[in-house]
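Peer 1: Got chain A; can you put chain B on it based on the hints?
There are 2 protein chains.
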Amino acid sequence: MKTLAVKTTALLIAAGLGLGAGASFAAESLQDVMKRRNLTQQDLLAAAKTYTPTGGRDEFLAFASGGQSGQMLVYGVPSMRILKYIGVFTPEPWQGYGFDEESKAVLAQGRIDGKDIMWGDTHHPAISETNGEYDGQFLFINDKSNPRLAVIDLRDFETKQIVVNPIMKSEHGGAFATPNTEYIIEASQYASPLENQKFYPLEQFNEKYRGALTYWKFDREHGKLKPEESFSLELPPYSQDLSDAGKLVSDGWSFTNSFCTERYVGGIEKGRPPYEAGCSAKDTDYMHVVNWKRAAELAKDDSKVQIINNHRVIMMETAIKEGILFLIPEPKSPHGVDVTPDGKLIVVNGKLDTHMSVYSFEKIMDAIKNKRFESTDPYGIPVLSMKDTLHTQVEVGLGPLHTQFDSKECIAYTSLYVDSMVAKWNFCEGKLLDKIAIHYNVGHLMTMEGDTTKPKGKYLVALNKLSIDRFNPVGPLHPQNHQLIDISNDKMQLLYDMPLPLGEPHYVVGIEASKLRPAVRYKVGTNTRTDTQHEGMVRAGEEKVVRDGNKVSVYGTLIRSHITPETIEVEQGDEVTVYLTNLERAQDETHGFTVSTYNVHASVEPGKTVSVKFTADKEGVYPYYCTEFCSALHLEMQGYLLVKPKGWKPEAGASLAAGNYTEDDYKKTLKKVADTQVVIDQVVGFIFSKDYKAYPEVVALVEDAVDQLNKTKEAKAKHEAAAQQMDWEQANLWAEQVWQYQVKAADIGLRAKTFLEQKGAK
Amino acid sequence: MKTLAVKTTALLIAAGLGLGAGASFAAESLQDVMKRRNLTQQDLLAAAKTYTPTGGRDEFLAFASGGQSGQMLVYGVPSMRILKYIGVFTPEPWQGYGFDEESKAVLAQGRIDGKDIMWGDTHHPAISETNGEYDGQFLFINDKSNPRLAVIDLRDFETKQIVVNPIMKSEHGGAFATPNTEYIIEASQYASPLENQKFYPLEQFNEKYRGALTYWKFDREHGKLKPEESFSLELPPYSQDLSDAGKLVSDGWSFTNSFCTERYVGGIEKGRPPYEAGCSAKDTDYMHVVNWKRAAELAKDDSKVQIINNHRVIMMETAIKEGILFLIPEPKSPHGVDVTPDGKLIVVNGKLDTHMSVYSFEKIMDAIKNKRFESTDPYGIPVLSMKDTLHTQVEVGLGPLHTQFDSKECIAYTSLYVDSMVAKWNFCEGKLLDKIAIHYNVGHLMTMEGDTTKPKGKYLVALNKLSIDRFNPVGPLHPQNHQLIDISNDKMQLLYDMPLPLGEPHYVVGIEASKLRPAVRYKVGTNTRTDTQHEGMVRAGEEKVVRDGNKVSVYGTLIRSHITPETIEVEQGDEVTVYLTNLERAQDETHGFTVSTYNVHASVEPGKTVSVKFTADKEGVYPYYCTEFCSALHLEMQGYLLVKPKGWKPEAGASLAAGNYTEDDYKKTLKKVADTQVVIDQVVGFIFSKDYKAYPEVVALVEDAVDQLNKTKEAKAKHEAAAQQMDWEQANLWAEQVWQYQVKAADIGLRAKTFLEQKGAK
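Here the protein sequences come in this chain order: A and B.
So for the first sequence, the working numbering puts the first residue at 1; every next one is plus one.
So for the second sequence, the working numbering puts the first residue at 763; every next one is plus one.
Chain A with its partners taken away, still in its complex shape:
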């Protein structure tokens, strides 16, 4: 076996010497590459504006809804690299979401009529705001198909809460935050009876079907929506759509679009023209103007609300009487309603109109104050006239859909669905400034913090609804295409096409990355869905199995590279709960856990405690293992669930097969350990000879390596004790375990060494 002797020492040194670790030279010139890849100067400029070298950071992070995937996703701007999908309404096993007990409890909050809903149709995310600016603390997202809202904590990018709308049957117009995140606004889409599980025929559409606006109270301290302090407004059976909260001068008011104010009911199958014809027959629909601050006060007064499905609803009659609800005609079939950064103007886009219509908050208030109404709608709601409330109109193109704002004064950008273009225009003066073709059929668009009081400009993302020919074909179902556009100059410049591989984002919010400070680890023993200490937490050495009748609770731990315990023995029929605490402190040292064929999975990040639960209903042998490639010995991070038939008894004297190791084996292993330590000392020497403390990344690596080396002490004590008793098998294996820790420490040390070399540390 000589040729095979593990030359750890030599190799560690060779690796340490950094063979080939320096910069490589380029055989092709830039001109060669441009010619070969058919790139123009313009392309090269776009490449330079978006390319982010290894270890580089994006200036902005974008949070996009995943549409029918029921998830959220996060990507960097300008690199347009997707960093994470976050499980929200749909189970997702990589994150253990819906496969561990803690996240199942979150999903269970979203049950409707007593049943699990295993997906969502997410649309419009919102970031929590302070004084009308994004504060980077929380993210909110709605579910159109199953009217719900979810709260994601941006400290760990996990979904913490789901609430079910108590009165809506469908919902498109969420989530929109008020300027200090007092409330999250959610608007119904397709009118339905507010009562649950109650049928009324379509012939009673005008009388029994209703729209609604829900204002969800948010408790920032606990990061939770509070259903008991939330309320709704009953609205006419128009299809309410998007909202925006007023800000600064208009704070306290909110604005909500609608379409199909024709209250048309289709029926192709009965010879009636389809909804699309009847719902866009009139030239205008209605913008709803709501005094939400006053509404919030009224909602506390029992005499002003009706309780529907245990929820406080201000009925239209009350809202009209109290003067908190008004309508203004707006161009037909609108989508976006967007308050300008100064809060003074409200921009509306009617998809079947060609104008941007800019309303003045001051004029709206003036008309309300003077009760200057042009009419009432069929439900008695006062209607203000466009003439009285418009600031300006400007023709921008076909299919205007949504508007966002620039850091430059008076500058707005509007997506044009039918034109497949984005328009840049001045909303103060009502002037079109520039248009750029996109590919194809843009829905929403986003500028950086472009719906806040302090937009950041620089970039715009067009959320195109069709990609058609933009990418390599991947079958009939195409990716979406988010196009990045440079808006820092007078003319817009297309920079990058980003395919969306999963889901159909409808809207996205972009925030300065510097505002986010997510954690890389949890306090040890954290239930991350409740942010409390987990009852199943144990520390190293405290692992145990507790049986209570047929309930077996396993309190285990995870660390490179073993699961404690390594065997779980139960009887068929036992209800098994496995609690697992990840003892790692090192960044990115996540472990996973599954038991073969028992349909459970957990992702256990450093510090997290999580549990999986199953009934051991089938006899047999079921391997469990760590599912996250965590170290060189990851595949050996394994164990067996043994499900014994009831009453099974072991044979007398049965024992595990011996390995037959000798004193020589032990000595050989000790030699390997000693040799390896020499190398580790050299790597340590190298690191300590540099100003490694100037690099927090290296300090963290050194701490992790020291942790690993500290673990050798216990294993060393064990192999020495076994050797004392001439138990060469135990002695040899515990010595091997010392070496395992050394390999991990060497791995970490080498990473630190390479880091210092690449940074040119002194």
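For the record, the hints were derived by calculation from the structure and aren't laboratory data.
From the three backbone atoms N, C-alpha and C, an ideal C-beta is built for every residue, glycine too.
Wrong hints could be hidden among the right ones.
Stated by the list, open to error - Mimicking BS3-like on lysine-lysine, the simulated pairs with C-alpha atoms at most 27 angstroms apart in a straight line are:
#1 A:K35 to B:K1306
#2 B:K1406 to A:K35
#3 A:K115 to B:K1313
#4 B:K1313 to B:K1170
#5 A:K672 to B:K866
#6 B:K1253 to B:K1306
#7 A:K270 to B:K1473
#8 B:K1285 to A:K613
#9 B:K1313 to A:K270
#10 B:K1434 to A:K282
#11 B:K1406 to A:K198
#12 A:K693 to A:K762
#13 B:K1285 to A:K115
#14 B:K1408 to A:K270
#15 A:K646 to A:K618
#16 A:K515 to A:K408
#17 B:K1478 to A:K270
#18 A:K115 to B:K877
#19 A:K369 to A:K408
#20 B:K1406 to A:K208
#21 A:K344 to A:K371
#22 B:K1253 to B:K1313
#23 A:K115 to B:K1408
#24 B:K1055 to B:K1170
#25 A:K282 to B:K1133
#26 B:K1306 to B:K1285
#27 A:K115 to A:K224
Unchecked claim - These stretches of chain A come out as covered by chain B in the derived footprint (C-beta under 8 angstroms, 3 or more residues):
#28 31-38
#29 175-185
#30 203-215
#31 476-490
To be verified - Residues from chain B that keep clear of chain A, each with C-beta distances beyond 10 angstroms, as calculated:
#32 L835
#33 F1135
#34 K1370
Peer 2: Same frame as chain A, now just chain B:
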């Protein structure tokens, strides 16, 4: 309302004139941008090598396993943009996967012990091969946790089949194709009893626990694995790992690694050293050498197999007697076993060794032929010596894990997990050539078609298991990092860091994009999971609702922008099946379908027929709608499921509310239609004045636009008939419907026009 009159005509023309559609100029120079973004010349070169302008194509497509996400993903090389996640073992609603009946049937094939498994732990994908080269027809992927294999058809990137391994309890070593995809090889991981639901204590590990190798017969014509023609080999209770099939000279043989040939059983909780110590105590493990062609013959002979769980298993005793199974020592704890492109050598990496060990197939055959065995293993399997079979060994670094090959002769690349490096070396001469640092801890790596008989060189992707500090932080759970490396020169050059936002890819296969020719639409009425005509298909005008007792079948269609039917009326308790056919032919015109709160969703690509099924167990009004933003009137693509209480009867004389349209409204709509037609004619005139037929994309758009305009005929007939009868409501609304089709045609026409302008068509 004058200010609001929809100036469609003027706007279509304005858009047609292409205001601002030309190239924009850059205010910042390349030098400015490099300085601002801190880019080196080397970075710029990397940017130029990876940046892909709008509409550009990637030269290669990579198919990666999604690890614990249970999915597959597809990305382009060198742009490193993810194009699609493919639902495989885990339900995924965007694709309707697990939410429509057809895909539920695929997932149901993967039930184990009678229960649904809602996720998978995917590891090693394989592309179907012809003569040892990728043919781009099918993709295979395994599930480690729940031993299964799935087949994905690369014509539409959909999962078509899942098979459950009949004898394994865990499985890591799949999927590997033989050179003509005769068989797909799957190896067990953690030894377990081959019987199902049968417990044996760990004290009987050596006697009752077993490994196995399954050879799944593949029927290329039908794109299906055939369980009844598949077979397995019983193996010792080592942890078998990866395999590779021989090719060319070594065709007919396969090679499978193993670790923990110590047969060690851990038990920290009982004071025993952990698996990681006992499973890596010996210096060598065993490579399994199998004559699979001979095994396939034997497996057909009833006297040579044992039937276990209805599956044909060649037991070790038979395999030894028939001379089809041999072992060779290999460096300890290996992962990859990789046959060189010429089929002559087999490269093995032991993760705890520092060498690459290169075995000679000729020497192996010679030793077998001459029965030159150094020993037998505890189960009597002949063991060939390393000395007799090694071609060469070369020291490359710490933690070598997996090897792929270059298009250049004798050149291989090996990932070094502990070193966090990739080594380039010569396997003919046994010489290390270059090393490059990656970030961090690379598992598998991939070169383009690098495990075939004809590797394509050019690029290498390092699948790093840790990303740590490479990206903007997104919480404790980090993305993975795939690093793209240029291997076209002597020195390797790092080009790009790609975060993986969902799942942990373990292995990836890269294929020339030109080998794939996926479809963009289906033949109308296709059940895409079985590739047969769907029994629920109907054509336009044939939509119907069929009731059979309490079973209601709705045969509907989808087209921009309405669902037929627009109302579905059932009684509480009815079992409802909704069949939907997407009548679109246009590329990327997917529609979605859901019924609020009924937990169903379908993605219906052009031509597909799909069904969703639910019990209407709750009374009430449940909106349904198209979930894919498909046109400007997408939000109006809606309908109502009305669940009536049993026995409910409508009031006599009840009717839908009227819209009160007048003859004037009708005339106004007719005028709008006529004006719009003028503009459409102008756009058409522009297109026809160019050589548009030179552009297949434009030809497809023109066909789609003509389709839309053809639909106006029926609506026109209807509004004229209604006008004849002075039914102004019907007349006006059907005229509006004509206009809806015109808007869609104009949308498409404008896309075609912009395309021609941007291409500078003559």
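Peer 1: All the hints need checking, so say for each whether the structure fits it.
Peer 2: Verification of the hints:
1. Of the supplied pair hints, the one linking K35 (chain A) and K1306 (chain B) is violated, its CA atoms being roughly 58 angstroms apart against a limit of 27 angstroms.
2. A C-alpha spacing of about 67 angstroms is found between K1406 (chain B) and K35 (chain A), which places the hinted pair above 27 angstroms, so the restraint is violated.
3. Between K115 (chain A) and K1313 (chain B) the CA atoms are separated by roughly 22 angstroms; this keeps the pair inside 27 angstroms, and the hint holds.
4. The suggested pairing of K1313 (chain B) with K1170 (chain B) is violated, with an alpha-carbon distance near 64 angstroms, which exceeds 27 angstroms.
5. With a C-alpha separation of about 54 angstroms, the suggested pairing of K672 (chain A) with K866 (chain B) is violated against the 27 angstroms cut-off.
6. Pair hint K1253 (chain B) plus K1306 (chain B) does not hold up; C-alpha atoms about 66 angstroms apart against a cutoff of 27 angstroms.
7. In summary, the hint linking K270 (chain A) to K1473 (chain B) is supported, as the alpha carbons are separated by about 18 angstroms, within the 27 angstroms threshold.
8. Distance hint between K1285 (chain B) and K613 (chain A) is unfulfilled; the C-alpha atoms sit about 45 angstroms from each other, more than 27 angstroms.
9. A hinted pair counts as satisfied when its Cα atoms are at most 27 angstroms apart, and K1313 (chain B) with K270 (chain A) qualifies at roughly 21 angstroms.
10. Taking the CA atoms of K1434 (chain B) and K282 (chain A), the gap is near 13 angstroms; set against the 27 angstroms cutoff, the hint holds.
11. Pair hint K1406 (chain B) plus K198 (chain A) holds up; C-alpha atoms about 9 angstroms apart against a cutoff of 27 angstroms.
12. As the CA atoms of K693 (chain A) and K762 (chain A) are separated by approximately 11 angstroms, the hinted pair is consistent with the 27 angstroms bound.
13. The hinted pair formed by K1285 (chain B) and K115 (chain A) fails the criterion: a straight-line CA distance of about 37 angstroms is larger than 27 angstroms.
14. For the hint pairing K1408 (chain B) with K270 (chain A), the CA-to-CA distance comes to about 23 angstroms; that is within 27 angstroms, so the pair holds.
15. Of the supplied pair hints, the one linking K646 (chain A) and K618 (chain A) holds, its CA atoms being roughly 11 angstroms apart against a limit of 27 angstroms.
16. Distance restraint check for K515 (chain A) and K408 (chain A): the Cα-Cα separation of roughly 21 angstroms lies within the 27 angstroms cut-off, and the hinted pair is therefore satisfied.
17. Taken as a hint, the K1478 (chain B) and K270 (chain A) pair is honoured in the structure, with Cα atoms around 17 angstroms apart against an allowance of 27 angstroms.
18. Restraint check for K115 (chain A) and K877 (chain B): the C-alpha separation of about 19 angstroms stays at or below 27 angstroms, so the hint holds.
19. Annotation: proposed proximity of K369 (chain A) to K408 (chain A) is violated, straight-line Cα distance about 32 angstroms (limit 27 angstroms).
20. With a CA separation close to 15 angstroms, the supplied pair K1406 (chain B) and K208 (chain A) stays within the 27 angstroms bound.
21. Proposed proximity of K344 (chain A) and K371 (chain A) is supported: the alpha carbons are some 20 angstroms apart, at most 27 angstroms.
22. For the given pair, K1253 (chain B) sits about 68 angstroms from K1313 (chain B) by alpha-carbon distance, which is inconsistent with the 27 angstroms threshold.
23. Distance check on the hinted pair: K115 (chain A) and K1408 (chain B) sit about 22 angstroms apart at the alpha-carbon level, within 27 angstroms; holds.
24. For the hint linking K1055 (chain B) to K1170 (chain B), the alpha-carbon distance of about 30 angstroms lies beyond 27 angstroms, and the restraint is violated.
25. Distance hint between K282 (chain A) and K1133 (chain B) is unfulfilled; the C-alpha atoms sit about 90 angstroms from each other, more than 27 angstroms.
26. Taking the CA atoms of K1306 (chain B) and K1285 (chain B), the gap is near 21 angstroms; set against the 27 angstroms cutoff, the hint holds.
27. Pair hint K115 (chain A) plus K224 (chain A) holds up; C-alpha atoms about 23 angstroms apart against a cutoff of 27 angstroms.
28. With a cut-off of 8 angstroms between beta carbons, the region 31-38 of chain A has 3 residues touching chain B; three or more are needed, and the interface restraint holds.
29. Here's how the region 175-185 of chain A fares: 0 of its residues keep a CB closer than 8 angstroms to some CB of chain B, so the rule of at least three is not met and the hint is violated.
30. Chain B is given as covering the region 203-215 of chain A, and this holds because 5 residues of the stretch bring a CB closer than 8 angstroms to a CB of that chain, at least three being needed.
31. Against chain B, the region 476-490 of chain A contributes 8 residues with a C-beta closer than 8 angstroms to a partner C-beta. That satisfies the three-residue criterion, and the hint holds.
32. The beta carbon of L835 (chain B) is not kept farther than 10 angstroms from every beta carbon of chain A, the shortest such distance being approximately 6 angstroms.
33. Listed as a non-interface residue, F1135 (chain B) keeps its Cβ farther than 10 angstroms from every Cβ of chain A; the least gap is roughly 17 angstroms.
34. Separation of K1370 (chain B) from chain A is inadequate, the least Cβ-Cβ distance of about 7 angstroms not exceeding the 10 angstroms criterion.
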